[in-house]
Structure formats: structure tokens, C-alpha cells
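Peer 1: With these hints in hand, go ahead and build the complete structure from the sequences.
Number of protein chains: 2
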Amino acid sequence: MTSSGSNRLGEFEAIAKLFAPLAAKEPGALSLTDDAAILDLPFDEDLVVTVDALIEGVHFLRDDPPATIAKKSLRVNLSDLAAKGATPRAYLLSLSLASWVGDDWLTQFARGLGEDQEQYGIALIGGDTTATPGPLTISITALGSIAKGMMIRRSGAVAGDCVFVTGTIGDAGAGLAVLKGGGGTLDKNERAALIARYRIPQPRSALGPRLLYIASAAIDVSDGLIADLAHIAETSGVRIVVEAARVPLSDPFREMFGGDDEAIIRAATAGDDYEIAFTAAASARARIEGLGFPITEIGRVEKGEGVVLLSRDGKALKLSKPGFTHF
Amino acid sequence: MTSSGSNRLGEFEAIAKLFAPLAAKEPGALSLTDDAAILDLPFDEDLVVTVDALIEGVHFLRDDPPATIAKKSLRVNLSDLAAKGATPRAYLLSLSLASWVGDDWLTQFARGLGEDQEQYGIALIGGDTTATPGPLTISITALGSIAKGMMIRRSGAVAGDCVFVTGTIGDAGAGLAVLKGGGGTLDKNERAALIARYRIPQPRSALGPRLLYIASAAIDVSDGLIADLAHIAETSGVRIVVEAARVPLSDPFREMFGGDDEAIIRAATAGDDYEIAFTAAASARARIEGLGFPITEIGRVEKGEGVVLLSRDGKALKLSKPGFTHF
Chain A
1 MTSSGSNRLG EFEAIAKLFA PLAAKEPGAL SLTDDAAILD LPFDEDLVVT VDALIEGVHF
61 LRDDPPATIA KKSLRVNLSD LAAKGATPRA YLLSLSLASW VGDDWLTQFA RGLGEDQEQY
121 GIALIGGDTT ATPGPLTISI TALGSIAKGM MIRRSGAVAG DCVFVTGTIG DAGAGLAVLK
181 GGGGTLDKNE RAALIARYRI PQPRSALGPR LLYIASAAID VSDGLIADLA HIAETSGVRI
241 VVEAARVPLS DPFREMFGGD DEAIIRAATA GDDYEIAFTA AASARARIEG LGFPITEIGR
301 VEKGEGVVLL SRDGKALKLS KPGFTHF
Chain Y
1001 MTSSGSNRLG EFEAIAKLFA PLAAKEPGAL SLTDDAAILD LPFDEDLVVT VDALIEGVHF
1061 LRDDPPATIA KKSLRVNLSD LAAKGATPRA YLLSLSLASW VGDDWLTQFA RGLGEDQEQY
1121 GIALIGGDTT ATPGPLTISI TALGSIAKGM MIRRSGAVAG DCVFVTGTIG DAGAGLAVLK
1181 GGGGTLDKNE RAALIARYRI PQPRSALGPR LLYIASAAID VSDGLIADLA HIAETSGVRI
1241 VVEAARVPLS DPFREMFGGD DEAIIRAATA GDDYEIAFTA AASARARIEG LGFPITEIGR
1301 VEKGEGVVLL SRDGKALKLS KPGFTHF
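Chains as they are written, first to last, in my numbering: chain A, 1 to 327; chain Y, 1001 to 1327.
Quick caveat, the hints were computed from the structure, so don't treat them as lab data.
Virtual Cβ for every residue (Gly too), placed ideally from N, Cα, C.
Do not take every clue at face value.
Said to hold, decoys possible - Straight-line Cα separation of at most 25 angstroms, DSS-like style, residue types lysine-lysine; simulated pairs:
1) K303(A) - K315(A)
2) K1148(Y) - K25(A)
3) K303(A) - K318(A)
4) K1303(Y) - K1318(Y)
5) K1303(Y) - K1315(Y)
6) K1303(Y) - K148(A)
7) K148(A) - K1025(Y)
Stated by the list, open to error - With the C-beta cut set under 8 angstroms, the calculated list includes, among others, these residues of chain A facing chain Y:
8) T33
9) I38
10) L39
11) V58
12) K84
13) L92
14) D128
15) T132
16) P135
17) A316
18) L319
Peer 2: Next comes the structure, spelled out in C-alpha cells:
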């Protein structure tokens, strides 16, 4: 673990000691006392690597619980690994510390990471701590592994495949709406469930590696179901047709927004779901059901390009949200 | 390559396209169009991984040339890999973009990365782009590889070893002093040479992998020669004695500060040298000379703890710089 920022050096050494227990189980972390870390991968596996940064005021608020911020920072990366079929192995933490961050905050942040390390079987192996005059910025690089050559890509969808998605869609967006004062008809538990979906992603880490040899293409749903399927459509060179009526919605979401086309458009363009959208041959349906995870078939892959969301009467719904104008 | 920051999505897709040529030679980068990248390591090698963040106003200034900022961001990481004996393989770029960053800046930044990729044989394999309300923040995760189990650690120094350092020490600090108006007696070329040492690190990437089977411990000199040797002393559980008269100084540095004990203390505590300090058995001296790199023997490893800088008359010099008070 390295650090910089001139006169705060002693402080940063204390921080390195605070994070050292998170590296205790991974020999390659060298207790965070070296310039670099070592990862000894099995000879028949590829490294799968991804990075995501979260910024105060953009991805979280200063007053959010530090453990929640820690978990969100780690889990957005775990979600990427899961969508690729990879098993999490280790991560590096690049922390740009705003002046308001104190010992209490850091202790709770480290506790949040520790809890998730237990849950997801991943360990801290390195990092960098720097003082910033700006907002707190957390950049995590997650390292996973997968059988050589088997990473599930965005580019493998072919015409004739079916389209699937895990869990329910739109809950994180609904959670944000609740935080902004919406959801007056919901009871306390329903509100809490939606807010939890917004605050702490639940990456599909247990499912991801089981999609190997099943999914032809996959992506984690972070920008929004339609936008993310558009990435698969573009890299695979196909058209994806989603039937609005099949998009899985949670009970609290339906309670809040109903289930008509407008509600489904809201869900499918809201983002932050951290579910996995994937394509697979129709012949894989039985195996997918046999996995025992909540997975819904929502559409099909055709020749062509782009993503179409079909209403119940078979018409293409108009998606006007900024950022999706190219559909 | 992922991106976030709401309404700048279209802009970030343009940025991903700008960086895509930097990933063209590395198949595992998947043209930066997937959630994660793949690195297929040789079966007999370990992954060596390190991360460093550079922040506007802390590590560079807004007006610094973008290509210089790019190279510094990459090279501080390459220096870590070199000190570990690792061969650079690939890197991930986490970019938190301040609002003042425009297309021109990004184009020049990408050009700087491209030039260094050619020079150091490394390729971009993934990244994340985010809008920040704060300073431009660049976090790079560098991936290298090394024969399994052979990474050179900080912890391998033993009593009886000799201490070596590459190149010359203190030039980056002197370059900063020149930028602040010092160095009036230097000619233009000398000033330029020192400033270059400050602005753009020259990592010892060609040497690093050749120190395998030679160095017992190594570290890149970034905090300052004495501070970094103290890291080796601490993790190895030894005492390191450096003879001030043997610390290698450049001609421009001597021209500016002379070569007395005070000048040497300045050099050995200045930081940002990005040379490699390492320990090796006395029996390795001939092989070290045979490497054909500028390497100077500067001291010895003893039983005990801490780092001592000995003056010509054998007295321990007092080092009062903040951050070094524990010696």
C-alpha cells in the first residue's frame, strides 16, 4: 500500500495499518507493506479485471453510512465480475481522501469492506491513499478468475437466442424516488426494501460463474436494462427485442408505479439494478430453470441492430430518456 | 470501459472511442467494449499488481502538459513494477474528469499514454470514466508478471548484504527547486535536465526484471531514499547504514547544492527519484556491475533496525524532515 500527500504521511501509515487486517488472509497482499501485490492464478485460468470509481456527491452522499459506501464501491465491481462468469479473487483500493474524512469514518468504511470480503470471498491485496482537496473518491480494481478463454462477453449473442434477466428491474430507481419523498402509499418495509436496492447493490456473484457454458453474452445492468442490452446488441451485431409485459417488476415497484407501459419504461431505463442480463440458446432454457435463481425470459435476439421494447399490443415503445436517443 | 455521471453518457462514449486505439494491440482488452478485461498469463508466472492515483493540485498542476501528466501517471506505477522485478503487461485507467477537461486535453493525454505504451511495452486493457465536481483524478492500476514466487520484496534483506541504488538521487527535488526560482547558477540544459526529472519519472523498467536472482530486497525510491530504505529495514527486520559520501549525485545537483552533508541529506530525503534501491549479497557485486546499468553501492545491511546516514567522519547525520522523525 502506497501513500502520498506530503505532510500526512504518518497519518497514511496509520491508515495502512487500519486496512491491513483486510489483507490478512491473502498471502500475496504481503500485509500491504510492499510496492505491489502478487496474485498466483491457477495455471488454467484467465485473470478477469475491472475498475470502477465512486465519487462523493455523484455516486454517494457525504452523510451516507461509510459501511454502505464501502459495500457499494466493492459491489459495483463484483457485479461486473459476476456478469462475466468470473469468480472474485482480490481487489485494490485507491482512496483519495477529502479533508473531512476522519478516523471514525475510515474505521466504519474498513468494517464495511471486511463484512463484504466475508460474504463474497475476496480480499484486499493492495492500494493507494492520497489526500485530495476535492470530494472523497474511491476507485476499486477487482480481480477475478475464470477458466481460460471462457469469459462471458458482450459480443456473443446470435439471432435466435433468448434474452434473460435476473431478479427484478427498476427497484433502485424506485428507491431513489422514495428517498426524494415518493412512495407515499408504500408501507415501511416496502420503502426500506426499495431504498436498500438503491443503496447497496446485490451482485449476482453466486450465479455468475454458473452461467458459463450457458450464456452466449452477458452484461451487468447498471446503466439501465435497455441501455445495457444495447451494449450487447452493438458488440454482438444483433437486434434485441424485449417484451415489456415480461420485464420482471417487484411488488413494491408495482405498488408505487403500477405495471403499465410507462412504469415498465421507467424500470427499464432507471439503472443501478446490478442484475445480470444475458442471452442464451433456447435449448438452454431447462438448464437455466434448473439453476434455481430468479431468472426471467424477457425477449429474443434477431438479425439487425438496436434494442426494441415492445408493448403488449406489439408496438415499439418510444424511449425518450436522455442518453438513449440513439435507439 | 465503463462510465458514469448521468447526462454526460454520450460524451463518455466518445472518450471510450478516443482511448480504444490504446487497447488495439491487446486482445484481452476487448476494444474496451466489455464490463471487464481478460489477461492470459503464462502458466508459470505470477501476476504483480499495483495502483497509484495522481490528483490535480497535489501531484500535478492543471497547466502541466497533458501528455506529461499521462506519462507521470503511468510511470509511477511502472516504477513500482520495475522495483519488484516484474515485466509490465497492461494497465487500467480510472479517470475522474473535472469539468474543465476538454477534448483537446483528452486527446493529448491519450497521445502521452500511447507514446509510453510503445516505450514500455504495455497496453490499456480497461478503465472507468466519471465526472467529478472536484479536481481531475487519475488512478492507474498496472499489471505485470514475473516467474512464479520470484517477486522481489521489501522483506528479503539480511545482515551482511550490500545496499545499492540506481542512477542519481535528489534530481527531482532539485527540479522542483528550479521551478520555484532556484538554480540561478545553472545553464539552460542543466535546469531542463533537473525539471525533466521532476516532471517525468524514468522508471527502471529495463533493469527491474534483471534484478531477479540478484536483489534480496528492493523498493522504488518515491518517498525519498532514506524513507524508502526505512521501509526495507522495517519489513526485513534489519538496520541499514548508508554512507553519505557514496550517495550518487548528478552534476547539475552538485552545481546547485554542492556535495556536503547538508546537500546529501537534501538529496536523500527529497523523493520522486523513481530509482530502485536494493540490497544484495556482496557476492553479487560482479553480476551487478555486469548488468551495464548505472548502479552505485551506498551502504550495508546490519542487524538492528532503522536507517542511518553516516557522514564522512562516521557520525550519524540528523534527519529532521517531517515524516522521518521516527529514525
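Peer 1: If a hint holds in the structure, say so; if it does not, say that too.
Peer 2: So, going through the hints one by one against the coordinates:
{"no.": "1", "hint": "K303(A) - K315(A)", "result": "18 angstroms, holds"}
{"no.": "2", "hint": "K1148(Y) - K25(A)", "result": "19 angstroms, holds"}
{"no.": "3", "hint": "K303(A) - K318(A)", "result": "21 angstroms, holds"}
{"no.": "4", "hint": "K1303(Y) - K1318(Y)", "result": "21 angstroms, holds"}
{"no.": "5", "hint": "K1303(Y) - K1315(Y)", "result": "18 angstroms, holds"}
{"no.": "6", "hint": "K1303(Y) - K148(A)", "result": "46 angstroms, violated"}
{"no.": "7", "hint": "K148(A) - K1025(Y)", "result": "19 angstroms, holds"}
{"no.": "8", "hint": "T33", "result": "5 angstroms, holds"}
{"no.": "9", "hint": "I38", "result": "5 angstroms, holds"}
{"no.": "10", "hint": "L39", "result": "4 angstroms, holds"}
{"no.": "11", "hint": "V58", "result": "6 angstroms, holds"}
{"no.": "12", "hint": "K84", "result": "5 angstroms, holds"}
{"no.": "13", "hint": "L92", "result": "5 angstroms, holds"}
{"no.": "14", "hint": "D128", "result": "5 angstroms, holds"}
{"no.": "15", "hint": "T132", "result": "5 angstroms, holds"}
{"no.": "16", "hint": "P135", "result": "4 angstroms, holds"}
{"no.": "17", "hint": "A316", "result": "22 angstroms, violated"}
{"no.": "18", "hint": "L319", "result": "14 angstroms, violated"}
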